[in-house]
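Number of protein chains: 2
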Amino acid sequence: MRLATVRTIGSTEPHGTEPHGTETVRVDGDAVTTIPGARDLGALLADPDWRARAARADGPTRSLASIPDTAWAPVVPHPGKIVCVGLNYRTHILEMGRELPEHPTLFAKYPEALIGAYDSIVLPTDADDCVDWEAELAVIIGMPARRLDEPAARAAIAGYSVINDVTMRDFQYRTPEWFQGKTFEATAPFGPVMVTADEFPWPAVVSCRLDGETVQSARTDDLVFSAATLVAYISQIVTLMPGDVIATGTPGGVGHARKPPRYLRPGQTLETEVSGIGTLRNSILAEA
Amino acid sequence: MRLATVRTIGSTEPHGTEPHGTETVRVDGDAVTTIPGARDLGALLADPDWRARAARADGPTRSLASIPDTAWAPVVPHPGKIVCVGLNYRTHILEMGRELPEHPTLFAKYPEALIGAYDSIVLPTDADDCVDWEAELAVIIGMPARRLDEPAARAAIAGYSVINDVTMRDFQYRTPEWFQGKTFEATAPFGPVMVTADEFPWPAVVSCRLDGETVQSARTDDLVFSAATLVAYISQIVTLMPGDVIATGTPGGVGHARKPPRYLRPGQTLETEVSGIGTLRNSILAEA
Chain C
1 MRLATVRTIG
11 STEPHGTEPH
21 GTETVRVDGD
31 AVTTIPGARD
41 LGALLADPDW
51 RARAARADGP
61 TRSLASIPDT
71 AWAPVVPHPG
81 KIVCVGLNYR
91 THILEMGREL
101 PEHPTLFAKY
111 PEALIGAYDS
121 IVLPTDADDC
131 VDWEAELAVI
141 IGMPARRLDE
151 PAARAAIAGY
161 SVINDVTMRD
171 FQYRTPEWFQ
181 GKTFEATAPF
191 GPVMVTADEF
201 PWPAVVSCRL
211 DGETVQSART
221 DDLVFSAATL
231 VAYISQIVTL
241 MPGDVIATGT
251 PGGVGHARKP
261 PRYLRPGQTL
271 ETEVSGIGTL
281 RNSILAEA
Chain W
1 MRLATVRTIG
11 STEPHGTEPH
21 GTETVRVDGD
31 AVTTIPGARD
41 LGALLADPDW
51 RARAARADGP
61 TRSLASIPDT
71 AWAPVVPHPG
81 KIVCVGLNYR
91 THILEMGREL
101 PEHPTLFAKY
111 PEALIGAYDS
121 IVLPTDADDC
131 VDWEAELAVI
141 IGMPARRLDE
151 PAARAAIAGY
161 SVINDVTMRD
171 FQYRTPEWFQ
181 GKTFEATAPF
191 GPVMVTADEF
201 PWPAVVSCRL
211 DGETVQSART
221 DDLVFSAATL
231 VAYISQIVTL
241 MPGDVIATGT
251 PGGVGHARKP
261 PRYLRPGQTL
271 ETEVSGIGTL
281 RNSILAEA
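Chains as they are written, first to last, in the numbering used here: chain C, 1 to 288; chain W, 1 to 288.
Hints listed in this document are in silico derivations from the structure and should not be mistaken for laboratory results. Where hints are given, some of them may not hold.
Stated by the list, open to error - Anything over 12 Å on all C-beta distances counts as not near chain W; from chain C, calculated:
| hint | residue |
| --- | --- |
| 1 | Thr33 |
| 2 | Gly37 |
| 3 | Gly80 |
| 4 | Pro203 |
| 5 | Ala228 |
| 6 | Gly252 |
Unchecked claim - Cβ-Cβ distance ranges computed for the label pairs, FRET-style:
| hint | chain 1 | residue 1 | chain 2 | residue 2 | range |
| --- | --- | --- | --- | --- | --- |
| 7 | W | Val205 | C | Pro36 | 51 to 59 Å |
| 8 | W | Asp30 | C | Arg147 | 36 to 44 Å |
| 9 | W | Leu100 | C | Asp129 | 24 to 32 Å |
| 10 | W | Val205 | C | Ser217 | 39 to 47 Å |
| 11 | C | Gly97 | W | Leu100 | 28 to 36 Å |
| 12 | W | Pro68 | C | Pro203 | 53 to 61 Å |
| 13 | W | Pro60 | C | Ala46 | 42 to 50 Å |
| 14 | C | Leu64 | W | Leu100 | 50 to 58 Å |
| 15 | W | Leu100 | C | Pro201 | 22 to 30 Å |
| 16 | W | Leu100 | C | Asp30 | 53 to 61 Å |
| 17 | C | Pro101 | W | Asp129 | 17 to 25 Å |
| 18 | W | Ser283 | C | Arg62 | 57 to 65 Å |
Claimed, not checked - Just a few of them, taken from the derived set where beta-carbon distance is under 7 Å, the chain C residues facing chain W:
| hint | residue |
| --- | --- |
| 19 | Ala46 |
| 20 | Thr105 |
| 21 | Ala108 |
| 22 | Arg174 |
| 23 | Thr175 |
| 24 | Thr183 |
| 25 | Phe184 |
| 26 | Glu185 |
| 27 | Val238 |
Predicted, not measured: the structure shown is a model, and the values here were computed from it. Quick reminder that beta carbons are idealized off the backbone N, C-alpha and C, glycines included.
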């Protein structure tokens, strides 16, 4: 199944906060069907019966084309936790002359950073010189996960989506901790849909394009720590809950590592794709 | 005013998750008065009228002594965000031979890490060899804060509390990012009360005792980045919301920096105090 959160008419909000006015839908080809009683995908996943409930929804349907770009909310608008992973693509680590890490590098992003799949990314005035892209496969949790082994961790994954961990490099590197460059408000597109784990073709290709030019492309079988490994590892630290998100890390090709470095500029279009899921498409704007 | 969140009878839970069964109280000397309609201090602070509402509550009162240690919940049990600060005590930075930082070092902790003021700290089996103390002054936000200057940031502070940012040093240092050592489930005591900003005597003394031996002690006027500076700085990155928490950093004297290093051991009692607020008192236990 392909599931999404869409803003209901009259409630399109640019900042991903949408406290009300969203609904969960199932996308079957061109048909979009409302799943009754779930205000967003996170709320649906909190129901242990979410899978059957999503599958059996047979309410009114509309066409995919009838949903405007502005209606796509972050696929989980308010995850309790977003755990991000650094240094996780083997080829990129080795080409940088580093050793493969023994443990995953983890940091956090707050839900306030999320925007919808087609929302604009507004460069913050105080960090607009060095905003960078990081295309990533996102894992979405489907049941409480605490101290799980890998098979159980795999079963706790509801599905996969696409996220761009857009990063303010200045803030990321001004102190020893990356976090402050990773959680700027309304900067990280997330969606457009979650593909349930049973239908996600593995390995997938994670790619990023800037004005049509491919700047990142890698296969998910190049991940040092797989989705299930990450869920198991994090679950030894803290309980992962339904709707929680793991951003699994970005491959080589970010702008900051280029010579000379490249950053996002107003007027550009950023596209982030994971094969088998979909594509985020975001206009880059200067702050008014 | 001194405000707190207490577990209601029959719902004492050891892991700080308490989805139900708490209430907000005002503490006046030995009298504890329920504030009706606020399931915890975070819910109260979300009401713009929280101050007047807390002040006028005149419901049934009980004595402070009648409240068992196990009833004290984390003073805000479910903050949307906990932002932690590193490297923030001037004397400690200078004695370590470092330069004073230009920007605050920030990282995150998840609410699942919080426990009540007198709950036991259970050393996780997979990290029990190097669990360390970090006594800190906590700032609690009282209104939405976005891109504020320092005077406005100061006005957005609801009050102050006490937190121990208990840290798994092994996990903190096994990758470049500290986060995974900072967010272990049910390890960080927080409370017992929030003292509103108008009644908090500044500077205060932040101290930590292990089995009665003082291991940390510093004054809050030694902070490099003050509470208002931190709120202003973070608000340029992301909107701080009522109930959000900033842990302002720890002074010198942590166990890991000692020669030889010292860590928490089963059977010990950890006390964390901020003058004018109160004292956390936590037994250290081995995991069963």
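Status of each hint after checking the structure:
1. Chain W leaves threonine 33 (chain C) outside its interface by the beta-carbon criterion, the shortest separation being 31 Å against a cut-off of 12 Å.
2. Residue-level check passed: glycine 37 (chain C) sits 20 Å from the nearest beta carbon of chain W, beyond 12 Å.
3. With 12 Å as the threshold on Cβ separation, the claim that glycine 80 (chain C) sits away from chain W is violated: the shortest Cβ distance comes to roughly 8 Å.
4. Non-interface call for proline 203 (chain C) relative to chain W: holds, since the shortest CB-CB distance, roughly 24 Å, exceeds 12 Å.
5. Every CB of chain W lies more than 12 Å from the CB of alanine 228 (chain C), the least distance being 18 Å, so the non-interface label holds.
6. With a least CB separation of 18 Å from chain W, glycine 252 (chain C) remains clear of the 12 Å interface cut-off, as annotated.
7. Between valine 205 (chain W) and proline 36 (chain C) the C-beta distance comes to about 56 Å, which sits within the given range of 51 to 59 Å.
8. About 42 Å separates the C-beta atoms of aspartate 30 (chain W) and arginine 147 (chain C), a value consistent with the hinted range of 36 to 44 Å.
9. For leucine 100 (chain W) and aspartate 129 (chain C), the Cβ-Cβ distance of about 25 Å falls inside the hinted range of 24 to 32 Å, so the restraint holds.
10. Between valine 205 (chain W) and serine 217 (chain C), the C-beta spacing of about 56 Å breaks the proposed range 39 to 47 Å.
11. As the Cβ distance of glycine 97 (chain C) to leucine 100 (chain W) is approximately 33 Å, the hint placing it in 28 to 36 Å holds.
12. At roughly 55 Å, the beta carbons of proline 68 (chain W) and proline 203 (chain C) sit within the given window of 53 to 61 Å.
13. A beta carbon spacing of about 35 Å between proline 60 (chain W) and alanine 46 (chain C) contradicts the range 42 to 50 Å that was offered as a hint.
14. Distance hint for leucine 64 (chain C) and leucine 100 (chain W): a CB-CB separation of about 56 Å, consistent with the stated range 50 to 58 Å.
15. For the pair leucine 100 (chain W) and proline 201 (chain C), the beta carbons lie near 52 Å from each other, so the given range of 22 to 30 Å is not met.
16. Take leucine 100 (chain W) and aspartate 30 (chain C): their Cβ atoms lie about 60 Å apart, and the range 53 to 61 Å holds.
17. The hinted window of 17 to 25 Å between proline 101 (chain C) and aspartate 129 (chain W) holds, with their beta carbons roughly 21 Å apart.
18. Under the hint 57 to 65 Å, the C-beta atoms of serine 283 (chain W) and arginine 62 (chain C), about 58 Å apart, fit the expected range.
19. With its C-beta approaching chain W no nearer than about 11 Å, alanine 46 (chain C) sits outside the 7 Å limit, and its interface hint is violated.
20. This hint holds: threonine 105 (chain C) has a C-beta 4 Å from the nearest C-beta of chain W, less than the 7 Å allowed.
21. About 4 Å separates the beta-carbon of alanine 108 (chain C) from the nearest beta-carbon of chain W, less than 7 Å, and the hint is met.
22. Evaluation of the arginine 174 (chain C) hint against chain W yields a held restraint, the C-beta minimum of about 5 Å falling below 7 Å.
23. Contact between threonine 175 (chain C) and chain W, as hinted, is supported at the beta carbon level, the nearest pair being about 4 Å apart and thus within 7 Å.
24. Annotation: threonine 183 (chain C) was flagged as interfacial toward chain W, and the flag holds, the nearest CB pair being 6 Å apart, inside 7 Å.
25. This hint holds: phenylalanine 184 (chain C) has a C-beta 6 Å from the nearest C-beta of chain W, less than the 7 Å allowed.
26. Taking 7 Å as the C-beta cut-off, the interface hint given for glutamate 185 (chain C) holds, the closest approach to chain W being about 5 Å.
27. Nearest Cβ of chain W to the Cβ of valine 238 (chain C): about 5 Å, under the 7 Å cut. The hint holds.
Hints 3, 10, 13, 15 and 19 from the list above are not met by this structure, while the remaining hints are.
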